[in-house]
Each structure stands twice: as C-alpha cells, then as structure tokens.
Amino acid sequence: MQEDLVRKWRVLTWGAADDSKPRRYREAFVTALQYDGAMARLKTHDEALRLRLLHRAAATVFDRGTAALSLRQLAADVKTSTTAVYSLFGNKAGLLRSLYEEAARLFAARLAAIRPTDDPAGDVIRLGLVYREYAIANPHLYAILFSDRSVQCPSESEPERPREAIETYRPLVDAVRRGQQAGQFGSESDPEVIALSVWGTAHGLVSLVLSGNEPPGLAVADCYERALGVLVAGWRVSEGEVQGFADVP
1 MQEDLVRKWR VLTWGAADDS KPRRYREAFV TALQYDGAMA RLKTHDEALR LRLLHRAAAT
61 VFDRGTAALS LRQLAADVKT STTAVYSLFG NKAGLLRSLY EEAARLFAAR LAAIRPTDDP
121 AGDVIRLGLV YREYAIANPH LYAILFSDRS VQCPSESEPE RPREAIETYR PLVDAVRRGQ
181 QAGQFGSESD PEVIALSVWG TAHGLVSLVL SGNEPPGLAV ADCYERALGV LVAGWRVSEG
241 EVQGFADVP
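1 is the number of the first residue of the sequence shown in full-length UniProt numbering; add one for each residue after it.
Think of the hints as simulated: they come from the structure by calculation, not from any bench.
No residue lacks a Cβ here, since even glycine has one placed at the ideal position from N, Cα and C.
Any given hint might turn out to be false.
Stated by the list, open to error - Per label pair, the in silico range of CB-to-CB distance:
| hint | residue 1 | residue 2 | range |
| --- | --- | --- | --- |
| 1 | G183 | A48 | 45 to 55 Å |
| 2 | V230 | T83 | 47 to 57 Å |
| 3 | E225 | D63 | 36 to 46 Å |
| 4 | A112 | D222 | 44 to 54 Å |
| 5 | G234 | A76 | 30 to 40 Å |
| 6 | G229 | Q73 | 40 to 50 Å |
| 7 | N91 | L208 | 18 to 28 Å |
| 8 | R236 | A76 | 46 to 56 Å |
| 9 | A221 | D63 | 16 to 26 Å |
| 10 | G234 | N91 | 18 to 28 Å |
| 11 | L210 | N91 | 43 to 53 Å |
| 12 | A84 | G217 | 31 to 41 Å |
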C-alpha cells in the first residue's frame, strides 16, 4: 500500500511526460499525504499523552483530592498544553470519567488474569488476593475506584455509580457459581451475596492498610489470606447451619 501511494505521489507531483496532470490535483494529493502522515503521528502521540495525563491526574487526586486537580497545572506537569487536555477529555468532568474508566479497566484486566481452575472455592480466595495486590500496587487508582465519590460521579448528570464498579466483582460471582455447581457452596445461597461478603472483607482489610489504621502490633498482611479462607470455609457449611446463625441474638 505504501509503495502504491509513493507511485501515485510521483505521478501526481511530477505529472506525466506531457505535464497533463493539473497542478491543483498534484498539490491536493501532496497535501493529503502530508495530512495522513501528521494524523498518524498525532494518534500515536495522543494515546501516549492521554495515559500520561491520566496517571498524573490520578496521583494528584490521590494526594490532594479532585478539588486540587487543575487542568492547567496538569498540562504543565506533563509538559503539554491545556489545548491538548481539552482536546482529549473535553473538560474536567470528562477527564475524571476517563480516569475512572482507566482504573476500572486495569483492575478488571488484573482480575481476568486469574484463570478458572477445578477448585472454584480456591479461585474465590485467589481473586481476593489479587484485590489486595492491585490496591497495594496502585493505591491512587484503587482510591479512585472505591473511595472518591467525586471521581465516580463527577457531575450531577451522572448521579449513579458507574457500571464499571459493579461489574468488577463479576469474576468473583462467576467463581462462586462454579463452586455451587461443583458442590462446594450451598445451592440455596445467593452467589452474589457470597461474592459480596468476600469483596467486602477484602475491601475492609485493604482499607485498614492503605489508611494506616492497622491495629497496633498486628499486620493485616499476616492474616489476610487466612481471613479469606475462613470466610470461604464458612460459606461451605451446609445451608441449614448457615441459616442457624441468623437466629443468634
């Protein structure tokens, strides 16, 4: 394809032997070639720039909150223009929305990397461990997903929490369902309730670590996997025994 373009460029630029090609056609084609090349470079540059802007914005929001996020300062930090920021995201609300989507995308990709095995209950625990790994490795992105409501719903026109947040625990629900099919969890239990209990436990323990509120002398890292294991084991108890706990005053 590139060779064909070059051939056409030569014909239209220099014309035939009798110079039968109108000059305006030759100039228009040359301009088109230059535009295509510029756009190809621009697209590559834009994606790289977009990611740099998002990660810098995430760090700012994590450190100082959304109120401190200035598009002008963000552009200066990344050594670009405010025009580029507006071109990529539209406005601050658009930037925050894109920031949330990027955090959710990376988190979902990390969860999806855990392939199903023939031990679904073990997969549930492994997904809980990945939850912690993502949070510890990416505290700024984790906070955007699960802590900062102003990023999740940056404008009054989007009052509901984005669906990405709801869907990120779908792999956990799927693992629980497979566990029910394998007889590891009671078939009468709601798989979403089991998944949410694991999700909530992981979130609570991770939040203690990230906020620096671990109990004195006790490291969450030392008991995290055990806590998940005990919780999953509890759900593997027969349905009648689990129901009995609801009657305890």
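Verification of the hints:
1. G183 with A48: 45 to 55 Å: 49 Å, holds
2. V230 with T83: 47 to 57 Å: Hint holds: Cβ distance 55 Å, inside 47 to 57 Å.
3. E225 with D63: 36 to 46 Å: 30 Å, violated
4. A112 with D222: 44 to 54 Å: With a Cβ separation near 28 Å, A112 and D222 fall outside 44 to 54 Å, so the hint is violated.
5. G234 with A76: 30 to 40 Å: 52 Å, violated
6. G229 with Q73: 40 to 50 Å: The hint (40 to 50 Å, Cβ to Cβ) holds, given that G229 and Q73 are roughly 46 Å apart.
7. N91 with L208: 18 to 28 Å: 36 Å, violated
8. R236 with A76: 46 to 56 Å: 55 Å, holds
9. A221 with D63: 16 to 26 Å: At roughly 24 Å between Cβ atoms, D63 and A221 fall inside 16 to 26 Å, so the hint holds.
10. G234 with N91: 18 to 28 Å: Because 47 Å falls outside the window, the suggested range is violated.
11. L210 with N91: 43 to 53 Å: Violated - the Cβ-Cβ distance for L210 and N91, about 29 Å, lies outside 43 to 53 Å.
12. A84 with G217: 31 to 41 Å: 50 Å, violated
When the structure is compared with the earlier hints, violations turn up for hints 3, 4, 5, 7, 10, 11, 12 and for no others.
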